[in-house]
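Q: Sequence:
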Amino acid sequence: MSFRRVAPLSLLSLTLAACAVSTPVADVVSNSEEPATEPVVATLPAPLPPPTPAPPPIRTETLAITVASGERTQGGWIRGKVPSGTVSATLGDTPVAVDDEGNFFAAFDRDAPALEVLKATHKVGLTVEHPIRVSPRDWNIERVNVALRPSGSSEEWWAKREPEWLAIRDARAKKTGAEGWKQQFIWPVTGRISGRFGRQRIYRGEPGSYHSGLDIAPGNGVPFVAPADGVVVLARTGFSLEGGIVILDHGAGLNSAFIHMSRLAVAEGDEVEQGQLLGNVGASGRATGPHLHWSLMWRDSRLDPLLFLPPMP
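With numbering that gives the first Met the number 0 applied, the sequence shown corresponds to residues 0 to 312, in that order.
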């Protein structure tokens, strides 16, 4: 048998090996000390309120003006409805009154143009337009070969006439809240038609004033009634041209004037109903015979009473 000789390990090698094996990692201690810290608490943002729901979009096709009835001609009128939420309305440049439900009344002057535009402005800022074709009329025009006589109004005459004219103007401008404009009008009195609205004379090419109302001649002293509900805004006698006069406000800018009366049955401020007695036919003021002159106005437009009435019974 033979033996292999092994070189002996040095003392230093054995010592290092023993240290490497016998020193566990867990026994290593650090001499440095870190300061203690407070625990970190996370702060969450407050929850946002739920978003306000947006209003439903306005459908522009629902913002339409409806014309329900009327006479779309010179001297005529219309009734209808504007969209809910309308804050203002006009016919051309003339303001149109609108009630709480959107109902309105508007009318066309004796010399209205062929096209009028009805506008309604909504509270959201949109404007709706409704064009209206206004048919022309063949007025009774008489041409005479004489010169138009000057009015010859003296200062003395005008001194008396001016307060009458101002009283009529101010009465027509009053707003009473009456709602007769919503009604179907009735005849204030029946009888012979002695003068029609709109007739006019042309004096050698110079137009005179046209007839501003409807003349009905039932006979002197015959009583007549209110064609629609209203409030009496003027009731006087002794006017230079009109004689006895009553003006009745029907609301929405529409009013009736009755002149040449022989007797008044109402006073200023009276609220009257359709068919209620207003007075008696006469020939007071500047009249050639007893008759009732009835004129209708909307704002500054003169209207034909016949276009408000059913056939005479």
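No wet-lab data here; the hints were simulated from the structure.
Some clues are possibly wrong.
To be verified - Straight-line Cα separation of at most 25 Å, BS3-like style, residue types lysine-lysine; simulated pairs:
#, residue 1, residue 2
1, Lys118, Lys80
2, Lys173, Lys80
3, Lys122, Lys159
4, Lys118, Lys181
5, Lys159, Lys181
6, Lys159, Lys80
7, Lys118, Lys173
8, Lys181, Lys80
9, Lys118, Lys159
What the hints assert, rightly or not - Computed beta-carbon distance windows for the label pairs:
#, residue 1, residue 2, range
10, Glu155, Gln273, 25 to 35 Å
11, Tyr209, Lys159, 45 to 55 Å
12, Asp269, Pro206, 16 to 26 Å
This structure is a prediction, so every number in the text was calculated from the model and none was measured.
The beta carbon of each residue, even a glycine, is placed where N, CA and C say it ideally should be.
Q: Each hint needs a verdict: does it hold in this structure or not?
A: For each hint, the structure was consulted:
Between Lys118 and Lys80 the alpha-carbon distance is near 12 Å, which keeps this suggested pair within the 25 Å criterion. Proposed proximity of Lys173 and Lys80 is supported: the alpha carbons are some 24 Å apart, at most 25 Å. A hinted pair counts as satisfied when its Cα atoms are at most 25 Å apart, and Lys122 with Lys159 does not qualify at roughly 48 Å. Taking the CA atoms of Lys118 and Lys181, the gap is about 20 Å. The hint holds against a cut of 25 Å.
This hinted pair does not check out: Lys159 and Lys181 have alpha carbons roughly 37 Å apart, beyond 25 Å. Under the criterion of a C-alpha separation no larger than 25 Å, the hint pairing Lys159 with Lys80 is inconsistent with the structure, at around 44 Å. At roughly 24 Å between alpha-carbon atoms, Lys118 and Lys173 fall within 25 Å of each other, so this suggested pair holds. Distance hint between Lys181 and Lys80 is fulfilled; the C-alpha atoms sit about 12 Å from each other, no more than 25 Å.
The straight-line distance between the Cα atoms of Lys118 and Lys159 is roughly 42 Å, outside the 25 Å bound, and the hint therefore fails. In this structure the supplied range 25 to 35 Å is violated for Glu155 paired with Gln273, their Cβ-Cβ distance being about 42 Å. Separated by about 25 Å at the C-beta atoms, Tyr209 and Lys159 break the suggested range of 45 to 55 Å. A C-beta distance of roughly 38 Å is found between Asp269 and Pro206, which places it outside the suggested range of 16 to 26 Å.
Violated hints for the displayed structure, listed by number in ascending order: 3, 5, 6, 9, 10, 11, 12.
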